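Residue numbers (the numbering used here), protein chains in the order written: chain A, 1 to 114; chain B, 115 to 230.
Hints listed in this document are in silico derivations from the structure and should not be mistaken for laboratory results. Careful: at least some of the hints might be erroneous.
[What the hints assert, rightly or not] The calculated label-pair distances, taken between Cβ atoms and stated as ranges, are:
#1 B:S185 <-> A:T76: 15 to 25 Å
#2 A:S66 <-> B:V127: 41 to 51 Å
#3 A:S100 <-> B:E129: 32 to 42 Å
#4 B:V198 <-> A:R110: 23 to 33 Å
#5 A:K57 <-> B:R229: 42 to 52 Å
#6 A:R81 <-> B:N172: 46 to 56 Å
#7 B:N166 <-> A:S27: 34 to 44 Å
[What the hints assert, rightly or not] If you want the ones that stay clear, here's a sample from chain B, every Cβ over 12 Å from chain A, calculated:
#8 V133
#9 T134
#10 D136
#11 Y139
#12 E158
#13 E170
#14 Q171
#15 E173
#16 I174
#17 A207
#18 S209
#19 G223
#20 S227
#21 R229
#22 P230
[Said to hold, decoys possible] Within a straight-line C-alpha distance of at most 27 Å, the following computed DSSO-like cross-link-like pairs (lysine-lysine) qualify:
#23 B:K152 <-> B:K222
#24 B:K130 <-> A:K11
#25 B:K184 <-> B:K222
#26 B:K184 <-> B:K117
#27 B:K117 <-> B:K152
#28 A:K57 <-> A:K11
#29 B:K222 <-> B:K117
#30 A:K15 <-> A:K57
#31 A:K57 <-> B:K117
#32 A:K57 <-> B:K184
#33 A:K57 <-> A:K17
#34 B:K184 <-> A:K11
Because the structure is a prediction, the values reported are computed rather than measured. By construction, the Cβ of each residue, glycine as well, lies at the ideal position given by its N, Cα and C atoms.
This is what each chain is made of:
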Amino acid sequence: GAGVSQSPSNKVTEKGKDVELRCDPISGHTALYWYRQSLGQGLEFLIYFQGNSAPDKSGLPSDRFSAERTGGSVSTLTIQRTQQEDSAVYLCASSPDRVSPEQFFGPGTRLTVL
Amino acid sequence: AQKVTQAQTEISVVEKEDVTLDCVYETRDTTYYLFWYKQPPSGELVFLIRRNSFDEQNEISGRYSWNFQKSTSSFNFTITASQVVDSAVYFCALSEAIGANSKLTFGKGITLSVRP
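This is chain A alone, in the form it adopts within the complex (with noise of 0.2 Å):
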């Protein structure tokens, strides 16, 4: 069956500007994360949702950074006002439920803030 897809895979904005990242996660799978990618960091986790429950905004590192689920299906991740620090790879798994708790991971979107 089909993966975790994400669009675009690459992103190129101006510092300033607002992007949204979108992932379509894999049919069924209740849960679904965002984690960012970069050089410095590594795998940082974002934010997680769970069926029809409040989202676990935790890693969310600033209010620039928001993130929707609809329909408990697509999800889209919205970064306003990129900075610099922002450029990244975001990633996106989704997981069956919590006795499978393996997390697929999508390709990605590289986004290149300059």
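Use these hints to put chain B onto chain A, whose structure you have.
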């Protein structure tokens, strides 16, 4: 707080050599999960294995084997008879098993280069 340490940063071996990737973790949870992921040059993280904290049985899958030792908080990964296609960055990760968020805490990764 959870922490995963992968002390090795880069390893280079010649094809057919065996190689072990080390992973040491810290957690206050009594129940947790451990994972290994592979990130080839294409960039996509590929799930390799999950181990539950209450199951210390070692596992072998083809050329891959994993040694989980709770007493030393280690979850090491061995590749037997390495191949060029094994060249990648390998991440060890930890998540809690009970609670609202199973977010992964990753180590810094080990870059494995297998030379022909």
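Can you tell me whether the CB distance of A:S66 to B:V127 sits inside 41 to 51 Å?
Given range 41 to 51 Å: holds, Cβ gap about 44 Å.
- Query: Is the nearest CB of chain A more than 12 Å from the CB of B:R229?
  - Reply: holds (24 Å)
Original post:
Can we confirm that no CB of chain A comes within 12 Å of the CB of B:A207?
Top reply: Label violated. Min Cβ-Cβ 8 Å, cutoff 12 Å.
Checking a non-interface call: every C-beta of chain A should be farther than 12 Å from the C-beta of B:P230. Is that right? holds (27 Å)
So the hint says 46 to 56 Å: do the beta-carbon atoms of A:R81 and B:N172 match that?
holds (50 Å)
Check: Going by Cβ atoms, does B:S227 stay more than 12 Å from chain A at every point?
Finding: Non-interface label on B:S227 holds, nearest chain A Cβ at 18 Å vs cutoff 12 Å.
Is it true that the CA of A:K57 sits at most 27 Å from the CA of B:K117? holds (19 Å)
Check your understanding: Does the claim that B:I174 lies outside the interface with chain A hold up, using a Cβ gap greater than 12 Å?
Key -> Given a closest Cβ separation of 19 Å, the condition holds.
Proposed proximity, A:K11 with A:K57 (alpha carbon, max 27 Å):
The hint holds at about 23 Å.
- request: Would you check the hint for B:K184 and A:K11, treating anything up to 27 Å between C-alpha atoms as holding?
  value: Violated, because 43 Å separates the two Cα atoms, which is more than 27 Å.
Q) Taking only the CA atoms, is the gap from A:K57 to B:K184 under or equal to 27 Å? A) The given pair, whose Cα atoms are some 31 Å apart, is violated under the 27 Å limit.
Item to complete: Would you mind confirming whether the straight-line C-alpha gap from B:K184 to B:K117 stays at or under 27 Å?
Response: holds (15 Å)
In this structure, the earlier hints numbered 1, 7, 12, 17, 18, 19, 24, 32 and 34 are contradicted, and the remaining ones agree with it.
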